[in-house]
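A.B. asks: So you can see what is in the structure, the chains are spelled out below.
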Amino acid sequence: MTTVEKIAAWLLAILWLSPLLYAFWAAFHPPEFATTFDPLAPLTLANFEKAWGYAPFPRHFLNTVILVTMILGAQLVLCTLAGFAFARFDFAGRDLAFALVLVQLMIMPEVLIVENYRTMARLGLVDTILGIGLPYMASAFGIFLLRQTFKTIPRELEEAARVEGCSWMGVLWRVYVPLARPTYLAYALVSVSYHWNNFLWPLIVTNSVNTRPLTVGLAIFGAPESGVDWSVISAGTLIAVAPLLVAFLLFQRQFMQSFMQAGIK
Amino acid sequence: MRHVYGWLLLTPAAILLVAFTHYPAVATLADSFFSAGTAVRPSRFVGLDNYAALAADPVFWQVLRNNFWFALGTIPTSIALALLMALWVNARLPARALVRLSYFTPTVLPMIAVANLWLYFYTPQIGLLDKVAGLFGAPSHNWLGNPDTVMGCVIAMTIWKEAGFFMIFYLAALQSLPPELEEAARIEGASRSYFFWRVTFPLLMPTTLFVLVNATINSFKLVDHLFILTKGGPDNASNLLLYYIYQVAFSFFDTAYAATLTVILLALLAAFAVLQFQLIERRVHYR
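From first to last, the protein sequence lines are chains A and B. The first sequence maps to residues 1018 to 1282 in this note's numbering. The second sequence maps to residues 50 to 336 in this note's numbering.
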């Protein structure tokens, strides 16, 4: 690798990081320094205080945390059961059912916003956190991933457990689930980041502070019409992305590997 | 017994999948043949009237064109950048982990937050882009308010957001290439560019095709940023198909027409899925 290339690689890295670095600059300095880069500018936390006061961030945080936990919990249970069925039970219509599951990989719930909104209205789930999460709980990706993992587990382990008197559920819980732990971790990371960042469907199905997740709250807060200045918007944006960003910095390798698995499928 | 167990295990997931994927897909298709019902006028069967309206709707054709330009603007550049990034962080580079981290970070940020940050760059006069242009004596420019530049702004931001994500697939592919190839090439005295174009690039072809299809599908699903940056404007210059569906359904309340537009989107996604499936089946390899 030539020196020119090394410098180019670093410059691109700086360019790639610059929007985020700028957000940090604007958020931690008084508004009058938002567009002038004076290294001696005083540091301040006032922007964070203002942002925290302008939008109901604690409530949005709570909503997002409830949302991602609820979705992940339901996904883990539903996808484990379905993945186990596809991997180890040779039931009638299995291949057709599996093909129908895979359809969801192509048609994500956000494409069907019109009909799904109508369904939520019928169920009385408009403007509820359950309403945001429900369409995502049976995840084709999760079912697919767990089916693949369960299929690699040797049948002998299962037979040994059966001989010891384990029930089907016992086999699933004591043999399959523990051995699939890396898959669960990868899936959980992807699911949590996806739903922490998801916007379109939550925007449509919620209409009050009590249910809106962070992304929707941030969109309302950051809209140019709201008249809030850049420093405060930067602070608000950082507040909203901080938990995920910190988690990413701590577990970089797992994140990248999980995202890759998610993409390759 | 295995039939009963199999179906019992599958039932909870199957109910939700049918309710929120299969049923709405079929209902969307059905709705596209009916008029939008109101309190006084119930919806009635109108055959292909909605499709005729669609063919005559200049905005529909514009968003389709926009989607095409958006895809063409984002995909080749982000794939090329992704490959370059992967080659760089796969080589011996000081502070390599930090560089890789910088490239990948945009991937974990929500599109809404990203749009908030980029909106500042594009703001006339006080925005960073205008400031830099001002240093060279260029006049102030309303980047997002001008139909000629707005798409370019959206494309630039999307490339920034996506390139690092595609990079990790190239990185994984590069790491799986046998190191003997490079040694052999070095012994033979092949130049680096010769080695790249004759050996590495062809071997990465499956990854490139895979990323290409995924990027294309993404370009039809990615609309969050429009809510912050442009709202599809000015004059629909940056509007995309999914955002237009949202507008028709939830701002104009024309659910029948929104269903018709959704059918077009579903047809496009299905076509790409078939393409993807065929690529996986064929396993493009040059060995």
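Honestly, I wouldn't trust all of these hints.
No more than 25 Å apart at the CA atoms, straight line, and that leaves these computed lysine to aspartate or glutamate pairs for DMTMM-like [unchecked claim]:
{"id": "1", "chain 1": "B", "residue 1": "K270", "chain 2": "B", "residue 2": "D284"}
{"id": "2", "chain 1": "A", "residue 1": "K1023", "chain 2": "B", "residue 2": "E231"}
{"id": "3", "chain 1": "B", "residue 1": "K280", "chain 2": "A", "residue 2": "E1127"}
{"id": "4", "chain 1": "B", "residue 1": "K280", "chain 2": "A", "residue 2": "D1144"}
{"id": "5", "chain 1": "B", "residue 1": "K280", "chain 2": "B", "residue 2": "D106"}
{"id": "6", "chain 1": "B", "residue 1": "K180", "chain 2": "A", "residue 2": "D1246"}
{"id": "7", "chain 1": "A", "residue 1": "K1168", "chain 2": "A", "residue 2": "E1181"}
{"id": "8", "chain 1": "A", "residue 1": "K1023", "chain 2": "B", "residue 2": "E232"}
{"id": "9", "chain 1": "B", "residue 1": "K270", "chain 2": "A", "residue 2": "D1144"}
{"id": "10", "chain 1": "B", "residue 1": "K280", "chain 2": "B", "residue 2": "E231"}
{"id": "11", "chain 1": "B", "residue 1": "K270", "chain 2": "B", "residue 2": "D179"}
{"id": "12", "chain 1": "A", "residue 1": "K1168", "chain 2": "A", "residue 2": "D1107"}
{"id": "13", "chain 1": "B", "residue 1": "K280", "chain 2": "A", "residue 2": "D1246"}
{"id": "14", "chain 1": "B", "residue 1": "K180", "chain 2": "A", "residue 2": "D1112"}
{"id": "15", "chain 1": "B", "residue 1": "K270", "chain 2": "A", "residue 2": "E1181"}
{"id": "16", "chain 1": "B", "residue 1": "K180", "chain 2": "A", "residue 2": "D1055"}
{"id": "17", "chain 1": "B", "residue 1": "K280", "chain 2": "B", "residue 2": "D303"}
{"id": "18", "chain 1": "A", "residue 1": "K1067", "chain 2": "A", "residue 2": "E1049"}
{"id": "19", "chain 1": "B", "residue 1": "K280", "chain 2": "B", "residue 2": "D197"}
{"id": "20", "chain 1": "B", "residue 1": "K270", "chain 2": "B", "residue 2": "E231"}
{"id": "21", "chain 1": "A", "residue 1": "K1168", "chain 2": "A", "residue 2": "E1127"}
{"id": "22", "chain 1": "B", "residue 1": "K180", "chain 2": "B", "residue 2": "D303"}
{"id": "23", "chain 1": "A", "residue 1": "K1067", "chain 2": "A", "residue 2": "D1246"}
{"id": "24", "chain 1": "A", "residue 1": "K1067", "chain 2": "A", "residue 2": "D1055"}
{"id": "25", "chain 1": "B", "residue 1": "K180", "chain 2": "B", "residue 2": "D197"}
Honestly, the hints are just simulated from the structure, not real lab data.
A.B. asks: For each hint given before, does the structure comply? Return the numbers of the non-compliant ones in rising order.
C.D. replies: 10, 11, 14, 15, 20, 21, 22
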